[in-house]
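Numbering (full-length UniProt numbering), first residue to last: 1 to 55.
Among the hints, erroneous ones may be present.
To be verified - Distance windows between CB atoms, simulated:
| no. | residue 1 | residue 2 | range |
| --- | --- | --- | --- |
| 1 | 13 | 45 | 24 to 34 Å |
| 2 | 43 | 19 | 14 to 24 Å |
| 3 | 47 | 21 | 28 to 38 Å |
These are calculated hints, taken from the structure and not from any lab test. The beta-carbon is built from N, C-alpha and C at its ideal position, and this holds for glycine as well.
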Amino acid sequence: MKGYHQRGNKTLMESHIHIHPDICNGRPVIAGTRIPVQTVMEFLGSGDSIEEVIE
Numbered sequence: 001m002k003g004y005h006q007r008g009n010k011t012l013m014e015s016h017i018h019i020h021p022d023i024c025n026g027r028p029v030i031a032g033t034r035i036p037v038q039t040v041m042e043f044l045g046s047g048d049s050i051e052e053v054i055e
């Protein structure tokens, strides 16, 4: 399956995306931050490069 990789007992996505009801109202965030995944996807969708998003 494309985009699905196993690392130990966690998938690659699970190790980078965190969901917790007390953080950003339970919206998926980048692990270790409060940056919503939706925000990152919006930047990428508008044409920003990964490097620009990281800045």
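Cross-check of the supplied hints:
no.: 1; hint: 13 to 45: 24 to 34 Å; result: violated (18 Å)
no.: 2; hint: 43 to 19: 14 to 24 Å; result: holds (20 Å)
no.: 3; hint: 47 to 21: 28 to 38 Å; result: holds (33 Å)
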